[in-house]
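A.B. asks: First to last, the protein sequences are chains A and B. Note that the working numbering has the first sequence beginning at 1, numbered continuously upward. Note that the working numbering has the second sequence beginning at 1, numbered continuously upward.
Mixed in with the good hints there might be a few duds.
[To be verified] Using 35 Å as the maximum straight-line C-alpha spacing, the simulated DSBU-like pairs for lysine-lysine come out as follows:
1. 265/B / 163/A
2. 248/B / 265/B
3. 179/A / 16/B
4. 248/B / 27/A
5. 27/A / 197/B
6. 179/A / 27/A
7. 197/B / 248/B
8. 151/B / 80/A
9. 16/B / 163/A
10. 80/A / 120/B
11. 163/A / 80/A
12. 80/A / 265/B
13. 27/A / 122/B
14. 122/B / 16/B
15. 151/B / 16/B
16. 80/A / 197/B
17. 120/B / 27/A
18. 265/B / 27/A
[Stated by the list, open to error] Coverage of chain B stretches by chain A, computed from C-beta distances (three or more under 8 Å per stretch; other residues unrestricted):
19. 15 to 23
20. 171 to 182
21. 199 to 211
Everything labelled a hint here was simulated from the structure, so no lab data went into it. Beta carbons: idealized from backbone N, C-alpha and C, even for Gly.
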Amino acid sequence: MEDQRIVDLFWQRDERVLSIVRETYGKLCRRVAYNLLGNAEDVEECENDTYLAAWNAIPPARPHSLSAFLCRIARHLALKRFARRTAQKRGGESALLLSELREVASDDTVEEAFDSAHTAALIDRFLESETAENRWLFVGRYWYGEPLSALSRESGVSEGALKVRLHRQRERLRDYLQKEGVSV
Amino acid sequence: MNAEQLLFAIGDLSDKTVTSATLPPKRRVVPLWATAAAVAAAVAVGILGYIGFLKTQRQKPPVATPTPAATTPAPTTTTTVWGTGGDTDACTVHSFEYHNIDGYLLDLVPQEAFNVFIEKYKGEDMTILAFVDYFGITREQFVSAMRWEDKLDMTALQHHPNAPYTYGQFVDAVYGDDAELTAWVFDADTLQYPETKDVYLFDGLCETHQMEYHRINGELIKYVDEDVWNAYLAAHEGEEANILTFVKFCGITREEYIQALGWEKALDHVATWHGMGYEYTCGDFVEALYGDDEAFREYMFSWDVFPMLNPTGAR
Chain A
1 MEDQRIVDLF WQRDERVLSI VRETYGKLCR RVAYNLLGNA EDVEECENDT
51 YLAAWNAIPP ARPHSLSAFL CRIARHLALK RFARRTAQKR GGESALLLSE
101 LREVASDDTV EEAFDSAHTA ALIDRFLESE TAENRWLFVG RYWYGEPLSA
151 LSRESGVSEG ALKVRLHRQR ERLRDYLQKE GVSV
Chain B
1 MNAEQLLFAI GDLSDKTVTS ATLPPKRRVV PLWATAAAVA AAVAVGILGY
51 IGFLKTQRQK PPVATPTPAA TTPAPTTTTT VWGTGGDTDA CTVHSFEYHN
101 IDGYLLDLVP QEAFNVFIEK YKGEDMTILA FVDYFGITRE QFVSAMRWED
151 KLDMTALQHH PNAPYTYGQF VDAVYGDDAE LTAWVFDADT LQYPETKDVY
201 LFDGLCETHQ MEYHRINGEL IKYVDEDVWN AYLAAHEGEE ANILTFVKFC
251 GITREEYIQA LGWEKALDHV ATWHGMGYEY TCGDFVEALY GDDEAFREYM
301 FSWDVFPMLN PTGAR
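From just these sequences and the hints, can you work out the full model?
C.D. replies: See the structure below:
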């Protein structure tokens, strides 16, 4: 079923849309959440929360890309859940992603008025200047939280080579953000 | 900015960036020997697969008979099985739950056996009752699989925001002898959405308040006289049109509010179907509306309770 038709069902408050969304995008949402959490039970809760969040958000929201909309919610919920459980040393890629991103933004840096949307817009622009392969790699790794092994399988490039590529990309991103006045 | 903030900020990348980030087609040169090896391997796999298929055909009994789960529980290891909503044509006689087999229950039975089941039970016959009967799923297995052990006395919010029955009553409807209860629980009208729908009063997303601040539940609208509702709408717009001014304008007390929404037994529930849910309970929301703690009220109606859809992006 087309995204806009599914969104219409949300607007009509048709409960069947929840099972349609689950069938259509469930696997994707679970994958995003699992990448970040690495725990089946948490993923299940995270997925259900995602649908309910979507149910409550639409209307008034009318997302153009339902998959991106749902993944964004799943990703955020997973990260929040991860943050809550960091003390318990839970698995998942989140800890690794954070340690990698510390190369770009140190935890010592405290910016009181952090503007997430502005930073995201800058990263959008940074990615526009990257090659298609590197864009795919960055979004796969840091948006979807895919493990390197999965990215390696998909691209046919060794994990080692991907690590090097990501490292260079993070350096470029750090330089870019600094140049744009972001405190990192 | 620290790494955690950066990780959250990446979540705000535009849809365009996310959806267009695809791996370009590979331009690798495949050596001839590799192609030949791949073809040989495919042929070998095909032959072996066909031999295996013939063997299984010989071992199969002439008529496929399903094996009840009671004798062969064999829970599947897959976690990718989802609930089924029955046949696609909506049944107007029964509720969605009557023809729905939850994913948790599907996990109890092997996929192949389930395929046999849905071949046998189609349309109106494909029901939750037929499912548990066919696979011999006991009441205890059912409750355990659904994770309802501690929720039997709770309103079945999982089914409906204003579900009039508890999880326990739903289980009774599936397993009990009370035909009247079963008919009521699975009646299409029992879980019908109210005719009066929720009304969102703000034009677009409010940057200051989360959505529930500007949304009036249909049950509340139904609760007040039409004249009062119209008068409220005429006198309030923009930021002024919100649940706080609504209950005040209409003189709805805390008790009346709870009663109108049918939340008497749901105050400790996470407000799954209400508001952005899962970060607070129904009771929290009532407290935010009627309590004296201004800071709590401010928090509850701000985007802090559900920052992921914050239109400003600020966290």
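A.B. asks: Under the criterion that the straight-line Cα-Cα distance not exceed 35 Å, is the pair residue 27/A, residue 122/B satisfied?
C.D. replies: Holds, because 26 Å separates the two Cα atoms, which is no more than 35 Å.
A.B. asks: When you check the alpha-carbon spacing of residue 120/B and residue 27/A, does it fall within 35 Å?
C.D. replies: Roughly 28 Å separates the two Cα atoms, so the pair holds.
A.B. asks: Take the region 171 to 182 of chain B, compare each residue's beta carbon with every beta carbon of chain A, and decide whether three or more fall closer than 8 Å.
C.D. replies: Three-residue rule not met by the region 171 to 182 of chain B, so violated; n is 0.
A.B. asks: So if I understand the rule, the pair passes when the alpha-carbon distance is 35 Å or less; does residue 80/A with residue 197/B pass?
C.D. replies: 32 Å, holds
A.B. asks: Would the hint linking residue 163/A and residue 80/A be met if the CA-CA limit is 35 Å?
C.D. replies: Answer holds: residue 163/A to residue 80/A is near 26 Å, not above 35 Å.
A.B. asks: Just to make sure I understand the rule, a stretch counts as covered if three or more of its residues have a C-beta closer than 8 Å to a C-beta of the chain. Does the region 199 to 211 of chain B meet that for chain A?
C.D. replies: Held - the region 199 to 211 of chain B has 5 residues with a Cβ nearer than 8 Å to chain A, which meets the minimum of three.
A.B. asks: Need the status of pair residue 151/B, residue 16/B: alpha-carbon distance at most 35 Å?
C.D. replies: It is violated: about 43 Å lies between the C-alpha atoms, which goes past 35 Å.
A.B. asks: Regarding the pair residue 16/B and residue 163/A, is the alpha-carbon distance no greater than 35 Å?
C.D. replies: 25 Å, holds
A.B. asks: Given the proposed pairing of residue 151/B with residue 80/A, does the C-alpha separation stay at or below 35 Å?
C.D. replies: With a Cα-Cα distance of about 26 Å, the restraint between residue 151/B and residue 80/A holds, given a limit of 35 Å.
A.B. asks: Need the status of pair residue 248/B, residue 265/B: alpha-carbon distance at most 35 Å?
C.D. replies: 24 Å, holds
A.B. asks: Check whether the Cα positions of residue 265/B and residue 163/A lie no farther apart than 35 Å.
C.D. replies: 53 Å, violated
A.B. asks: For the region 15 to 23 of chain B, count the residues whose Cβ lies under 8 Å from any Cβ of chain A; is that count three or more?
C.D. replies: As far as the region 15 to 23 of chain B goes, the hint holds, because 9 residues have Cβ atoms under 8 Å from chain A.
In terms of the numbered hints stated before, the structure departs from hints 1, 4, 6, 10, 14, 15, 20, listed from lowest to highest.
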